[in-house]
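Once you've looked at the hints, dock chain G against the given chain H.
Residue numbers (UniProt numbering), protein chains in the order written: chain H, 1 to 381; chain G, 1 to 381.
Please keep in mind that the hints were generated in silico from the structure rather than gathered at the bench. Any given hint might turn out to be false.
Because identical chains share one entry, a pair is satisfied inside a single copy or across any pair of copies.
Said to hold, decoys possible - Lysine-lysine pairs mimicking DSS-like chemistry, simulated, CA-CA at most 27 Å apart: (1) K261 x K177; (2) K218 x K358; (3) K119 x K212; (4) K212 x K32; (5) K252 x K349; (6) K32 x K218; (7) K266 x K252; (8) K157 x K208; (9) K349 x K330; (10) K208 x K349; (11) K218 x K95; (12) K208 x K32.
2 protein chains.
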Amino acid sequence: MLRPTHAVLRPNVVVVGTGWAGAYFTRNLNCKLANLQVLSVRNHCVFTPLLPQTTTGTLEFRAVCEPISRIQPALATLPNRFYRCVVYGVNFDEKEVNCVGVGVVDTSFNATVQTFNIKYDKLILAHGARPNTFNVPGVMDNAFFLREVNEARGIRKRLVQNIMVADLPTTDLEEAKRLLHVVVVGGGPTGVEFAATVADFFRDDVRKINHKLVEFCKVTVLEAGEVFGMFDLRVRNWGKRRLDALGVRIVKGAVVTVNNKEVVTKDGIVIRTGLVVWSTGVGPSSLTKDLDVDRTSRGRISIDDHLRVLRKGAPISDVFAIGDCAANEKLPLPTLAAVASRQGAYLAKKVNGELSNKPIMAPFEYRSLGSMVSLGIMRPL
Amino acid sequence: MLRPTHAVLRPNVVVVGTGWAGAYFTRNLNCKLANLQVLSVRNHCVFTPLLPQTTTGTLEFRAVCEPISRIQPALATLPNRFYRCVVYGVNFDEKEVNCVGVGVVDTSFNATVQTFNIKYDKLILAHGARPNTFNVPGVMDNAFFLREVNEARGIRKRLVQNIMVADLPTTDLEEAKRLLHVVVVGGGPTGVEFAATVADFFRDDVRKINHKLVEFCKVTVLEAGEVFGMFDLRVRNWGKRRLDALGVRIVKGAVVTVNNKEVVTKDGIVIRTGLVVWSTGVGPSSLTKDLDVDRTSRGRISIDDHLRVLRKGAPISDVFAIGDCAANEKLPLPTLAAVASRQGAYLAKKVNGELSNKPIMAPFEYRSLGSMVSLGIMRPL
Numbered sequence: 001m002l003r004p005t006h007a008v009l010r011p012n013v014v015v016v017g018t019g020w021a022g023a024y025f026t027r028n029l030n031c032k033l034a035n036l037q038v039l040s041v042r043n044h045c046v047f048t049p050l051l052p053q054t055t056t057g058t059l060e061f062r063a064v065c066e067p068i069s070r071i072q073p074a075l076a077t078l079p080n081r082f083y084r085c086v087v088y089g090v091n092f093d094e095k096e097v098n099c100v101g102v103g104v105v106d107t108s109f110n111a112t113v114q115t116f117n118i119k120y121d122k123l124i125l126a127h128g129a130r131p132n133t134f135n136v137p138g139v140m141d142n143a144f145f146l147r148e149v150n151e152a153r154g155i156r157k158r159l160v161q162n163i164m165v166a167d168l169p170t171t172d173l174e175e176a177k178r179l180l181h182v183v184v185v186g187g188g189p190t191g192v193e194f195a196a197t198v199a200d201f202f203r204d205d206v207r208k209i210n211h212k213l214v215e216f217c218k219v220t221v222l223e224a225g226e227v228f229g230m231f232d233l234r235v236r237n238w239g240k241r242r243l244d245a246l247g248v249r250i251v252k253g254a255v256v257t258v259n260n261k262e263v264v265t266k267d268g269i270v271i272r273t274g275l276v277v278w279s280t281g282v283g284p285s286s287l288t289k290d291l292d293v294d295r296t297s298r299g300r301i302s303i304d305d306h307l308r309v310l311r312k313g314a315p316i317s318d319v320f321a322i323g324d325c326a327a328n329e330k331l332p333l334p335t336l337a338a339v340a341s342r343q344g345a346y347l348a349k350k351v352n353g354e355l356s357n358k359p360i361m362a363p364f365e366y367r368s369l370g371s372m373v374s375l376g377i378m379r380p381l
Numbered sequence: 001m002l003r004p005t006h007a008v009l010r011p012n013v014v015v016v017g018t019g020w021a022g023a024y025f026t027r028n029l030n031c032k033l034a035n036l037q038v039l040s041v042r043n044h045c046v047f048t049p050l051l052p053q054t055t056t057g058t059l060e061f062r063a064v065c066e067p068i069s070r071i072q073p074a075l076a077t078l079p080n081r082f083y084r085c086v087v088y089g090v091n092f093d094e095k096e097v098n099c100v101g102v103g104v105v106d107t108s109f110n111a112t113v114q115t116f117n118i119k120y121d122k123l124i125l126a127h128g129a130r131p132n133t134f135n136v137p138g139v140m141d142n143a144f145f146l147r148e149v150n151e152a153r154g155i156r157k158r159l160v161q162n163i164m165v166a167d168l169p170t171t172d173l174e175e176a177k178r179l180l181h182v183v184v185v186g187g188g189p190t191g192v193e194f195a196a197t198v199a200d201f202f203r204d205d206v207r208k209i210n211h212k213l214v215e216f217c218k219v220t221v222l223e224a225g226e227v228f229g230m231f232d233l234r235v236r237n238w239g240k241r242r243l244d245a246l247g248v249r250i251v252k253g254a255v256v257t258v259n260n261k262e263v264v265t266k267d268g269i270v271i272r273t274g275l276v277v278w279s280t281g282v283g284p285s286s287l288t289k290d291l292d293v294d295r296t297s298r299g300r301i302s303i304d305d306h307l308r309v310l311r312k313g314a315p316i317s318d319v320f321a322i323g324d325c326a327a328n329e330k331l332p333l334p335t336l337a338a339v340a341s342r343q344g345a346y347l348a349k350k351v352n353g354e355l356s357n358k359p360i361m362a363p364f365e366y367r368s369l370g371s372m373v374s375l376g377i378m379r380p381l
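Chain H extracted, bound-state conformation (with noise of 0.2 Å):
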């Protein structure tokens, strides 16, 4: 709406998203060098490590939400700015982003969609991937995700509603049990991490709302391979003896379809349930499918070790690509968020360096320094 008042001959760094590979690149830009514009359907970075504990109270939601102009003040002047945008495809010889906006409230009114372009002098992609599907039908429909604020807002409504449901006098003994079961498909680090967090919900919260129904709370953990599959042998048997202890029950099976009372797996086991959670970690999203871009064989934006883009084995000028969204195809990261963040940060001293003619060549390297999972409330097993 306003433009620059003055010409501003400063560079245009654009960064195409605010999770975690965003948010530290746009939290390490130095502003004095470059304008920045970021681009996202989503005002602030969310702390998905804690994600999961947001569903039953036990976090407020709003304290693992970081609104971008905090990260990064100098959004709040011209000529930086946020916009609250879908992006929907780069042209990379004109140096643009297509733009369309959203949250356009009164749409019917207003039927024309109204798109724009953003010109760069640098790119950052950082948009991040979607949960994986597998394709199997009712997921979407029938099933919660847990990567968003408004999706972990949605189960811990659910959870609630699904107790009061089972308190009614017209819900008989089968259907209370049903609603009060959640199941969680996908046995790593987030799946386990909820299921954990439920059943400290159902034994210690759920127990001073409504004693009587803590007897038919019930977790279980679906998981066609290995739960904890990321960690080693004895990491692994700890975990699983901790979930025991909490009440999880861990099924191995792979679901085949899922609709709005039950989830079905390819052994034929029907499991009735009231929740159903699907954390089976992620594919790209539509933008990194439509980008004109090598990908990786995991269909991920392929990168060099200096984090820019390729296509046709060579680098794309003055384009970058971090976090879920992107992958070096000799030495593939895991989509954590301990990379993205590294990523982001390393990008931005590299974007200073370039901007003020001291570029650095070292090559970006990650060095993990352990993952850890939160298994509810710590307590002698």
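Chain G only, in chain H's frame:
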């Protein structure tokens, strides 16, 4: 779903509603003397005086909610119960309350509405009132009320959304001004507090998020009578000066229609706006209208000095009404939290007395301790 394991012969005290009146009654009832059954669509009490502050994030939503099971911990154990339901009728002769459960998900698969009845020995009606639209067309569809947490959340979301859209390159200046103009209809305490809160938010917080939009942010209070009408002239003038200092404009006028982009007054003034908050007091709910009881000239349930519900001028045995839904025709009290909470506490004492054969003869009396309106962050004028 579950029945008490043995017959419990204590009387059934049934409370309809979890607002101020219902919550204070529930909290103060001696649960050793009675079985408590609380019926409400809301499993928490909202601290309404602080609700305006949640719309701009000054307070977190959760900070203004108190679960009914924490207000009265005895509700967690049988035979006490909380039922999440809508009460649609009362049969005073059979001494039973007619309910329908809410929050039953997957209604498409389960389309029969299941109703149930709850027997009472003592009934406390505290189901409140609902916003008064004066049948102005468009209010229900295009304006926000400010009585529930989900309404406050809707307002917050719309405010943030409008700020984001106003800043898109596809939004022209006139549209941006419309989006950033908040109109409050009603100059009572809630309306004025909300106006002051938003004005504070525009001045202090929007500056931090988006410096360049601040000058287009505007708040208007529309009032047919007098702003601060319930206060005396001196306080009223001070309040007006204070609103003026905050940049809140006061316009005199009665609204005749609201559409999705403007508010129109009787005098033909058209105010273009991106957010309308409707706060013109309350009127009787549909339950109040449907009950076979006497009603006051304002449509509230008619009660006597002892808060007993009247039918044909005589008290119905064991039925009481408190809070916004009820009034004593001889001395109608304002619909304030202060009145409702004191009625709730008085009635609990009275019922406790009756149940332990120590009846309380003194009628309910209300002495106002004064009212308070918060007008944003205090600063010297």
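Right, here's what the structure says about each hint:
1. K261 x K177: within (12 Å within a copy, 47 Å between copies)
2. K218 x K358: neither (58 Å within a copy, 46 Å between copies)
3. K119 x K212: Cα proximity of K119 and K212: across copies only (21 Å, versus 61 Å in one copy).
4. K212 x K32: For K212 and K32, the Cα distance is within 27 Å only across copies (19 Å; inside one copy 61 Å).
5. K252 x K349: neither (45 Å within a copy, 57 Å between copies)
6. K32 x K218: Neither, since 55 Å and 32 Å both go past 27 Å.
7. K266 x K252: within (10 Å within a copy, 68 Å between copies)
8. K157 x K208: This pair counts as within: shortest intra-copy Cα distance 18 Å, inter-copy 32 Å.
9. K349 x K330: within (23 Å within a copy, 75 Å between copies)
10. K208 x K349: For K208 and K349, only the inter-copy Cα distance (25 Å) is at most 27 Å; the intra-copy one is 51 Å.
11. K218 x K95: Classified as neither; 53 Å inside a copy, 38 Å across copies.
12. K208 x K32: Between copies only: 18 Å across chains, 54 Å inside a chain, cut-off 27 Å.
Violated hints, in rising order: 2, 5, 6 and 11; the structure is consistent with all others.
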